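Peer 1: Given only the sequences and the hints, what does the whole structure look like? Please build it.
Quick mapping for you: the protein sequence lines, in order, are chains A and C.
For the first sequence, this note's numbering begins at 19 and goes up steadily by one.
For the second sequence, this note's numbering begins at 19 and goes up steadily by one.
Keep in mind that the hints were calculated from the coordinates and are not lab data.
Model, not experiment: these values are computed from the prediction.
There may be inaccurate statements among the hints.
The list makes no distinction among identical chains, and a pair is therefore deemed to hold if it is satisfied within one copy or across any two copies.
[As the list claims (entries may be wrong)] Calculated cross-link-like contacts (lysine to any residue; reagent style SDA-like; alpha-carbon spacing at most 25 Å):
id : residue 1 : residue 2
1  : Lys227    : Val239
2  : Lys227    : Arg238
3  : Lys303    : Glu24
4  : Lys227    : Thr82
5  : Lys256    : Val435
One letter stands for each residue in the lines below.
There are 2 protein chains.
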Amino acid sequence: MSLRDEMLALGASARSAARAMREASAESKNKALLAAAAAIRARRNDILAANARDVAAGKAAGLTPALLDRLTLDDKRIDAMAKGIADVAALPDPVGRELARWTVPSGLDIARVATPIGVIGMIYESRPNVTADAGALCLKSGNVCILRGGSDSAQSSAAIHAAMVEGLRAAGLPEAAITRVPVTDREAVGLMLEGLGGGIDLIIPRGGKGLTGRVMAEARVPVLAHLEGVCHVYLHAKADPAKARAIAVNAKMRRTSVCGAAETLLIDRAILPALGVDVLGDLAKAGCEIRADAEIRAVFPNAKAANDEDWSMEYLDAVIAAKAVDGVEDAIAHIERYGSHHTESIVTEDKAAAERFLSALDSAIVLWNASTQFADGAEFGMGAEIGIGTGKLHARGPVGVEQLTNFKYVVRGTGQVRP
Amino acid sequence: MSLRDEMLALGASARSAARAMREASAESKNKALLAAAAAIRARRNDILAANARDVAAGKAAGLTPALLDRLTLDDKRIDAMAKGIADVAALPDPVGRELARWTVPSGLDIARVATPIGVIGMIYESRPNVTADAGALCLKSGNVCILRGGSDSAQSSAAIHAAMVEGLRAAGLPEAAITRVPVTDREAVGLMLEGLGGGIDLIIPRGGKGLTGRVMAEARVPVLAHLEGVCHVYLHAKADPAKARAIAVNAKMRRTSVCGAAETLLIDRAILPALGVDVLGDLAKAGCEIRADAEIRAVFPNAKAANDEDWSMEYLDAVIAAKAVDGVEDAIAHIERYGSHHTESIVTEDKAAAERFLSALDSAIVLWNASTQFADGAEFGMGAEIGIGTGKLHARGPVGVEQLTNFKYVVRGTGQVRP
Chain A
19 MSLRDEMLAL GASARSAARA MREASAESKN KALLAAAAAI RARRNDILAA NARDVAAGKA
79 AGLTPALLDR LTLDDKRIDA MAKGIADVAA LPDPVGRELA RWTVPSGLDI ARVATPIGVI
139 GMIYESRPNV TADAGALCLK SGNVCILRGG SDSAQSSAAI HAAMVEGLRA AGLPEAAITR
199 VPVTDREAVG LMLEGLGGGI DLIIPRGGKG LTGRVMAEAR VPVLAHLEGV CHVYLHAKAD
259 PAKARAIAVN AKMRRTSVCG AAETLLIDRA ILPALGVDVL GDLAKAGCEI RADAEIRAVF
319 PNAKAANDED WSMEYLDAVI AAKAVDGVED AIAHIERYGS HHTESIVTED KAAAERFLSA
379 LDSAIVLWNA STQFADGAEF GMGAEIGIGT GKLHARGPVG VEQLTNFKYV VRGTGQVRP
Chain C
19 MSLRDEMLAL GASARSAARA MREASAESKN KALLAAAAAI RARRNDILAA NARDVAAGKA
79 AGLTPALLDR LTLDDKRIDA MAKGIADVAA LPDPVGRELA RWTVPSGLDI ARVATPIGVI
139 GMIYESRPNV TADAGALCLK SGNVCILRGG SDSAQSSAAI HAAMVEGLRA AGLPEAAITR
199 VPVTDREAVG LMLEGLGGGI DLIIPRGGKG LTGRVMAEAR VPVLAHLEGV CHVYLHAKAD
259 PAKARAIAVN AKMRRTSVCG AAETLLIDRA ILPALGVDVL GDLAKAGCEI RADAEIRAVF
319 PNAKAANDED WSMEYLDAVI AAKAVDGVED AIAHIERYGS HHTESIVTED KAAAERFLSA
379 LDSAIVLWNA STQFADGAEF GMGAEIGIGT GKLHARGPVG VEQLTNFKYV VRGTGQVRP
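Peer 2: Now the structure itself:
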């Protein structure tokens with residue numbers, strides 16, 4: 019069988035599993051999730067052995083330490099994976115929720131009811147835990163997923179996938195509900211982006227700019243965009259000094275590798291010589307490299323010179339770009355021009371300035387007096403998430419189980435015909 | 019300037035208008051709409067003269083009577099267009115609505131707030147009134163639209179567009195908020211489908227299968243799908259005879275040219291010889307051609323023989339396909355196989371059968387004891403609509419002003435940092 023035929027067959031079986039999953043009860047989905055969590059724990063040795071083979075191959079292939087770290091599993095990460103699946107089981111069922119209901123003058127009773135999306139193609143890179151996370155979130159939301167992980171983590175993903183399928187089997191749900199693409203061929207991704215002959219309703223890419231860019235450029239089916247997070251913290255003229263210092267350092271340094279980490283600090287000219295310098299000092303003391311414009315370097319000479327590319331860089335590292343701005347409108351204009359519509363925060367005690375910032379910006383998440391690192395499904399009370407949507411359609415911000423549903427209209431009448 | 023450069027410039031000016039429109043007040047948008055409605059009436063003679071030129075050219079080019087009818091404007095249609103715009107002004111403002119609001123344990127106050135989508139590319143065919151309808155709905159929802167109508171209606175659209183721009187000007191809103199693509203070149207559509215260098219966030223095609231198919235196959239930006247309506251009416255074994263007769267005839271014959279018109283009638287075997295034959299007789303008497311399977315033809319010999327293509331035909335005419343089915347599961351299986359996920363109705367007094375039908379089908383609209391012709395934004399209480407979404411993402415069903423918005427999260431804190 020050619021790769022194309024193999025992939026089309028996989029799409030067809032995913033499509034036929036989608037109807038069963040759409041109607042699967044909350045009980046059976048939760049049973050599958052808990053059984054999968056148990057299977058992850060029970061198969062711990064298999065998973066670790068498979069992962070050791072991936073890591074050895076990765077070392078031989080010269081993967082960077084950061085990539086090797088993402089790839090490596092240990093007991094703690096396996097426990098976290100199993101707990102993550104069980105946590106998803108504990109969430110309320112997102113399917114069948116009545117989102118709205120009203121009666122119209124004709125007497126029709128109209129309800130907007132949450133439905134699964136259908137078949138979701140996940141294309142991701144080296145983290146093998148995405149196999150468990152994405153599988154669990156799709157299962158809970160009544161969707162079928164087709165998982166295509168990176169070749170670096172192929173053995174680990176296969177072992178984790180086997181545990182997920184064991185969970186589906188325990189609950190009598192179709193095994194194709196969590197399908198793993200067994201080939202690491204790049205062409206398989208191309209076939210998924212074409213939609214597998216109607217077998218895929220939505221593609222969610224998770225990974226670096228290269229992968230996401232390719233997916234968005236080539237996909238013939240809808241894509242839930244998860245672009246980079248060029249997140250901003252703006253210290254307004256009326257910022258509370260303690261809040262400003264705490265938020266700026268936390269937003270950048272708590273974890274530098276997450277998409278909600280701040281990448282650019284905007285400092286209002288009015289507070290630059292005093293509070294601004296204090297904040298920059300705090301960042302430098304915390305081990306952060308600062309790349310600043312001339313105005314900031316005049317008062318904080320330790321900063322390196324920023325060039326134009328720094329304003330749109332997602333460092334994902336202990337580096338921050340810093341720029342002086344002249345009031346809230348200037349800050350908004352900078353973010354509009356260089357940002358990625360992910361997450362931005364203003365620190366101020368001036369309510370009018372805050373509301374202006376919150377209302378003017380078109381980012382998925384805008385915050386007032388809080389760290390950008392709160393850009394996270396769990397922190398939003400949504401449970402686990404598949405990522406932070408930065409597109410213009412469907413879900414923006416954290417994509418949890420509710421955001422993996424859509425809706426239909428259920429209309430109950432008493433014999434109405436339209437005049 | 020090359021066509022490509024011209025189109026890119028148009029995308030750039032639409033993008034810059036999008037920020038102003040996103041923040042435009044309800045008052046200024048409504049002022050623009052009412053001024054546009056007045057301008058449509060005031061420019062009546064210009065619009066009719068432009069339309070007469072389109073109609074003359076269409077006749078010379080041999081357009082079908084149906085197409086010529088869609089193209090032709092008269093006083094009544096112009097009044098309806100103006101009234102439609104004023105009706106949109108009277109709708110509640112969809113932007114800034116607080117869709118949900120909650121507080122999380124960290125103390126953050128999180129609100130999900132409705133936002134415009136941005137720049138919407140509308141690609142449509144011969145009906146010139148789409149220029150007014152789509153322009154009004156996009157304006158009300160704070161979006162910018164780039165309208166690319168069919169070449170058949172180019173002169174009419176230009177005259178209507180001039181009136182819309184007069185409205186924008188009267189309210190001090192940017193004229194690019196309703197942009198009309200001045201060239202009828204097919205290549206212009208291709209450039210729009212590529213996204214005009216980031217100038218388009220969403221494409222909405224309105225037209226026949228050929229246009230929609232091309233848009234869905236070629237678009238590099240998100241598409242809000244408006245596919246055909248292969249809508250079904252299923253007469254269940256426990257159907258009330260009076261309701262069945264009224265609903266079947268209304269669903270097919272009230273207006274045969276709308277996407278919510280029934281195209282296939284499924285008749286339960288149990289009631290075929292009695293009620294089924296009565297309903298078929300009613301349809302035939304109303305002037306409807308019936309294309310049926312052998313089982314139906316055995317009891318209703320006037321029907322023509324259906325072939326396999328009839329089950330997925332969108333006739334948009336006084337023709338209906340008719341098939342005998344064996345219970346609700348058989349009806350569901352038929353609709354799943356041949357339907358277009360638009361609108362389906364079950365006629366029954368059996369609540370369990372009805373709820374099974376409503377829950378099992380994944381169509382945008384499912385009805386119980388009501389005509390499929392209710393698939394309409396105004397009938398749903400949403401006001402005017404741009405179409406009925408049949409895709410899997412974002413809005414399904416009627417797409418009115420609320421469905422032309424998305425959301426962002428506005429988070430208010432008191433200095434929170436993430437542990």
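Peer 1: Next step is simple, just say for each hint if it's right about the structure.
Peer 2: Hints versus structure:
1. Lys227 with Val239: Result: close both inside a copy and across copies, 19 Å intra and 17 Å inter.
2. Lys227 with Arg238: Both: 19 Å inside a copy, 17 Å across copies.
3. Lys303 with Glu24: neither (55 Å within a copy, 51 Å between copies)
4. Lys227 with Thr82: For lysine 227 and threonine 82, only the intra-copy Cα distance (17 Å) is at most 25 Å; the inter-copy one is 50 Å.
5. Lys256 with Val435: between (61 Å within a copy, 19 Å between copies)
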